[in-house]
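Visitor: Protein sequences appear in the order of chains A and B. Anchor point for the first sequence: position 181 equals 196 in my numbering, and the numbering is continuous, going up by one each time. Anchor point for the second sequence: position 108 equals 109 in my numbering, and the numbering is continuous, going up by one each time.
Honestly, I wouldn't trust all of these hints.
Here are the simulated DSBU-like pairs of lysine-lysine, each with C-alpha atoms no more than 30 Å apart in a straight line [said to hold, decoys possible]:
1. Lys135(B) with Lys496(B)
2. Lys206(A) with Lys224(A)
3. Lys111(A) with Lys24(B)
4. Lys43(A) with Lys4(B)
5. Lys359(B) with Lys112(A)
6. Lys111(A) with Lys28(B)
7. Lys233(B) with Lys111(A)
8. Lys43(A) with Lys3(B)
9. Lys34(A) with Lys4(B)
10. Lys141(A) with Lys359(B)
11. Lys135(B) with Lys3(B)
12. Lys111(A) with Lys27(B)
Calculated from the structure, these hints are not laboratory results. No experiment lies behind these values; they were computed from the predicted model shown.
If you want the building blocks of each chain, they are given just below.
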Amino acid sequence: MTNIERFQNPGLPEHVHRKADTDPKAAKRAEQQVAALFLLSALGTVGTIAAYIFIKSDVYVFIPILGSTNVQQMSLGIGLTVATLCIGLGAIQWAKKLMPDTEVIQERHELRSEDQDRADFVETFKERGGEAGIGRRPLIKRTLGLALGVVGLSPLVLLRDLGPMPKKFLETTSWSAGTRLVSDPGGAYFKPSDLEVGAVAQVLPELAKGDERTLENIGKDAVLLIRLRPEDFNLDAERLSWTYNGIIAFSKICSHMGCAVALYEQQTHHLLCPCHQSTFDVTRAAKVIFGPAARPLPQLAITVDSEGYLVAKQGFNVPVGPSYWERNSSNG
Amino acid sequence: MKKSERALGSVANYVDERTGAAKWLKKNLTKVFPDHWSFMLGEICLYSFVILLLSGTFLTFWFDPSQRDVVYNGAYAPLSGVSMSSAYASTLHISFDVRGGLLMRQIHHWAALIFMAAIVAHLFRVFFTGAFRKPREFNWIIGVGLLTFGIVEGFLGYSLPDDLLSGTGIRIAEAIIQALPVVGSYLAFFAFGGPFPGTAFIPRIYTVHVLLLPGLFLALITVHLMLVWYQKHTQFPGPGRTEKNVVGYPLMPVYMAKAGGFFFIVFGVTAFLGAVASINPIWLYGPYTPGQISAGSQPDWYMGWLDGLVRMAPPLETHAFGHTISWNILLPGLILPGILFTGMALYPFIESWVTGDKREHHLLDRPRNAPNRTALGAMSISFMIISLVNGGNDIIATHFHLTINGIMWFTRIGLFTVPPIVFIITKRICLSLQRADRDLVLHGKETGRLVMLPSGEMIEVHEQLTDEQKWTLTQHQQPDALPAPLPESATRGLKGKLRKRMNQAHATQIPAPTLSDLKELDHH
């Protein structure tokens with residue numbers, strides 16, 4: 016089929032005049048609309064300045080849906096809205112109603128340079144390049160390549176002092192044998208009787224005198240205490256010996272990405288991390304039962320000291336928190 | 002000559018004698034821009050960027066990017082006497098003690114959300130209309146760059162206040178860095194100046210947020226716009242429009258008034274949102290401490306898909322030879338997004354390789370006329386939406402009384418099953434729409450007017466389309482008009498077979514009706 020007739024481009028349709036093009040009254044009306052919008056904008060600015068000066072900054076009103084709202088902030092915002100929106104609406108009304116709306120045709124030109132220009136460019140480039148003689152002087156070419164290749168190393172090296180080496184920091188916590196558990200917030204010692212069955216508490220290790228608690232340490236030391244009925248546990252003998260009278264302690268720092276594992280479901284004995292919903296079964300030593308976490312929360316062995324306060328039996332046996340390359344995860 | 006005209010003339014003369022600007026302006030003031038509502042999307046990006054610069058500058062006058070410990074004693078009573086970082090305290094100060102401070106914070110945050118939303122909408126427009134084709138591939142790549150940097154910039158922005166929610170976000174970012182094989186813990190310690198959270202991170206990301214990335218944005222946006230200017234804007238097909246012309250309105254005065262006016266409208270809408278719609282009420286969250294968290298922790302929407310992917314990742318870690326590799330972090334947090342964004346950046350080249358089309362394109366495709374591309378786009382969007390749904394699984398679960406586990410499994414399975422289904426359905430819809438177009442051109446519009454012929458037969462009167470409408474519906478390139486059915490040599494080997502297969506899929510089309518078809522039909 017060689018002679019298929021296709022539809023032809025009929026060209027730009029004839030321009031249809033708007034009302035304001037032909038009717039002076041309509042044009043006048045459009046002009047007034049535009050002017051009114053610009054005037055409204057100026058009023059908006061005046062209102063904004065007035066709100067800044069005359070409205071006290073601590074007045075709140077309750078607005079349905081929005082809730083308790085600061086009157087001054089809101090008035091400033093509404094004033095600014097009117098001031099800017101009306102300039103925009105005015106300008107667009109002006110363009111649409113009064114400025115010429117005849118479509119204009121312009122030609123496009125191919126972006127590609129003319130063959131002659133391309134040839135001239137190649138010639139110029141070769142000629143200039145030849146003057147530098149980079150092709151004839153391989154020694155310069157190679158040493159320049161070397162210099163440019165390594166020059167970026169110095170800024171990289173200069174960045175080295177951004178921070179210290181991790182050393183053993185990620186593997187250690189402040190917990191060790193005999194460290195007392197203190198409540199957070201509060202800092203009070205804990206007796207087993209302070210925690211009822213089904214209750215949860217966040218604790219931190221007691222600090223040696225003169226030591227200050229830092230966020231860096233909280234990020235590794237935070238521990239959750241949960242008290243269950245002892246018969247609810249489903250633990251091996253060693254892990255059971257790490258609990259005390261139904262109280263079990265886990266690192267609160269998620270083994271996935273380090274968020275605080277804060278949601279405890281009393282009925283199911285599940286701990287849930289609000290960040291990515293990794294779910295841990297408290298009765299089975301915080302085994303992962305759902306979500307992206309790949310390791311259980313490290314368990315802290317606890318007991319009581321001679322005065323009857325809860326203490327750590329030993330430090331954590333594995334690093335707490337999210338994984339990293341050097342972490343030896345062969346035993347959890 | 003009036004006095005004002007003379008004054009203006011002498012200023013113009015002064016400038017022109019020193020710059021020669023008149024020649025350039027003479028030509029460019031009459032430059033024509035095609036008009037279509039979807040061309041505004043890119044403008045929204047630009048204008049919200051300007052709003053971000055203005056409101057952000059305002060915020061820097063009071064914000065103190067420091068993690069130094071201070072005791073708060075400002076106007077917000079519930080946190081009075083609480084120890085917190087200076088960054089958080091100064092954000093509270095901006096929100097409660099600086100007149101208009103809260104408004105500016107909210108305008109800044111809303112503008113950021115609009116900026117990202119407009120970038121994504123603009124990306125959709127450019128993708129589905131094929132505006133990325135030759136000669137505009139560079140601009141597509143710059144656009145993908147702007148999107149990527151925008152995500153980073155937004156994340157750094159909402160991390161600055163150092164509240165409990167944003168601190169949790171930083172904790173997750175730290176875990177991603179730490180998960181990198183071999184260098185992870187070192188990079189994390191370098192980035193944070195020591196162990197997490199330290200006191201160095203917020204001052205550092207502040208410099209990146211207010212200097213480094215905005216500078217990069219300015220440079221990329223400038224090149225992006227210069228290329229649009231130089232290559233001239235694409236236009237939708239229609240009567241009078243060809244590959245060789247631009248039909249639209251001149252820069253001065255119409256386009257200037259419309260674009261300039263539109264800036265103020267975007268500003269007005271953002272200011273309105275900032276005035277009435279509370280966003281990121283950081284005073285409710287409290288200062289950051291690693292031992293606490295608030296339920297329903299959510300990132301901003303443009304990070305939501307990433308968070309959703311991390312949430313649905315399988316619990317996979319490799320433990321061997323005393324080392325740990327966290328696939329549950331690397332796979333959804335780095336590898337998958339890396340593949341997605343690289344694929345997106347390379348798409349123009351992939352499509353041109355598949356079709357063998359090396360010509361310039363200035364007329365846009367109607368999405369239905371490129372069924373394969375449209376289906377690919379819809380497929381990608383469905384992938385993102387499913388990830389995003391899982392990023393909000395906790396919120397969805399509480400609002401609709403569903404279980405988180407249920408949503409998680411739904412999205413885990415849906416991530417692999419829904420996109421292919423969406424691809425097939427979208428492609429079918431596109432082809433059906435092409436058929437409908439063909440029908441419309443050949444048989445005209447149904448008028449709903451029933452006429453009884455003398456013979457007693459009832460017919461519905463069809464109204465022929467105008468020549469303009471017929472042209473718009475039939476002007477598109479047909480696959481048989483593609484420059485080359487792939488040469489035999491290009492379809493050999495595995496790569497060649499893949500190319501051939503994709504080429505065929507890409508060329509599936511309903512033949513556009515021609516005048517000959519119409520004549521033949523009239524004949525009967």
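Visitor: Hinted pair, alpha-carbon criterion (30 Å max): Lys135(B), Lys3(B). Please report holds or violated.
Guide: With a Cα-Cα distance of about 50 Å, the restraint between Lys135(B) and Lys3(B) is violated, given a limit of 30 Å.
Visitor: Below or equal to 30 Å on CA atoms is what counts here, so check Lys135(B) against Lys496(B).
Guide: Roughly 23 Å separates the two Cα atoms, so the pair holds.
Visitor: Keeping to a limit of 30 Å between CA atoms, is the pair of Lys359(B) and Lys112(A) held or broken?
Guide: 42 Å, violated
Visitor: For a C-alpha distance cap of 30 Å, please report whether Lys34(A) and Lys4(B) respect it.
Guide: 35 Å, violated
Visitor: Are the Cα atoms of Lys141(A) and Lys359(B) separated by 30 Å or less?
Guide: 28 Å, holds
Visitor: Is the Cα-Cα distance between Lys43(A) and Lys3(B) 30 Å or less?
Guide: Given pair Lys43(A), Lys3(B) holds - Cα atoms ~26 Å apart, limit 30 Å.
Visitor: Would you check the hint for Lys233(B) and Lys111(A), treating anything up to 30 Å between C-alpha atoms as holding?
Guide: Holds, at roughly 23 Å.
Visitor: For the pair supplied as a hint, Lys43(A) and Lys4(B), confirm whether the alpha-carbon distance does not exceed 30 Å.
Guide: 28 Å, holds
Visitor: Is Lys111(A) within 30 Å of Lys24(B), Cα to Cα?
Guide: 29 Å, holds
Visitor: Holds or violated: are the alpha carbons of Lys111(A) and Lys27(B) at most 30 Å from each other?
Guide: 24 Å, holds
Visitor: Does the structure keep Lys111(A) and Lys28(B) at a Cα separation of 30 Å or less?
Guide: 24 Å, holds
Visitor: Would you mind confirming whether the straight-line C-alpha gap from Lys206(A) to Lys224(A) stays at or under 30 Å?
Guide: This hinted pair holds, its Cα atoms lying about 21 Å apart.
When the structure is compared with the earlier hints, violations turn up for hints 5, 9, 11 and for no others.
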